[in-house]
Amino acid sequence: MRLHRLEIEGFGPFLDRQTVDFDRFAEDGIFLIAGRTGTGKSSILDAVCFALYGSVPRYEGGEKRLRSDHCEPDDRSEVVVEFSTGSGRYRVTRSPEYLRPAKRGGGLTKQASGVQLDTLDAPGVDWVTLAAKEKRVADELDEILQLSKEQFLQVILLAQNRFARFLLADSKERQVLLRRLFSTERFEDVQAR
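Its first residue numbered 0, the sequence shown is counted upward by one per residue in numbering that gives the first Met the number 0.
Derived by calculation from the structure, the hints in this document are not laboratory data. Among the clues, some could well be false.
Pairs of lysine to aspartate or glutamate, DMTMM-like flavour, derived with a Cα cap of 20 Å [stated by the list, open to error]:
no., residue 1, residue 2
1, Lys132, Glu142
2, Lys171, Glu187
3, Lys102, Asp117
Working from the sequences, and respecting the hints, build out all of it.
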């Protein structure tokens, strides 16, 4: 999996739309997200995870703080991530649930969360929607990514203390994860025979 572009608006500390063009760093093969405490480094990683899996690990089991505290009720909250795998190029657009002004009667009403998965058509010109319902998008992404959220967090996006957790995992845990990632079952079958 390769990340190409990330757009964040009304999410975490980001009120205005911010764009991260990962392709600018593609030649280097690796890049570092650096900055002072509180500048939004972890929120960039949170946004990628939220777009792909609909949740953010550091907020599980507690208060969801996905929508920016800087947002006014009319402001939009949305994360868009573009990525590619061997099967093609994809774009996920996801927004969290939040309160917005009611269209009738005044007051606030709940804006439901939303998600849409698109793919770039063969000529690479137009985006075509593959799914726009939570369950269907999740199923499609499972097929495309071939990684559960936990595996993604251990191997692709090792945020903060997760890298240490992977390094400190016992060999059986690491073996199961790496076996799934690299499809090594056939080599184990040959060795067993």
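Hints versus structure:
Only pairs whose Cα atoms come within 20 Å are accepted, and Lys132 paired with Glu142 is accepted, the gap being roughly 16 Å. Pair hint Lys171 plus Glu187 holds up; C-alpha atoms about 14 Å apart against a cutoff of 20 Å. Under the criterion of a C-alpha separation no larger than 20 Å, the hint pairing Lys102 with Asp117 is inconsistent with the structure, at around 29 Å.
In this structure, only the earlier hint numbered 3 is contradicted, and the remaining ones agree with it.
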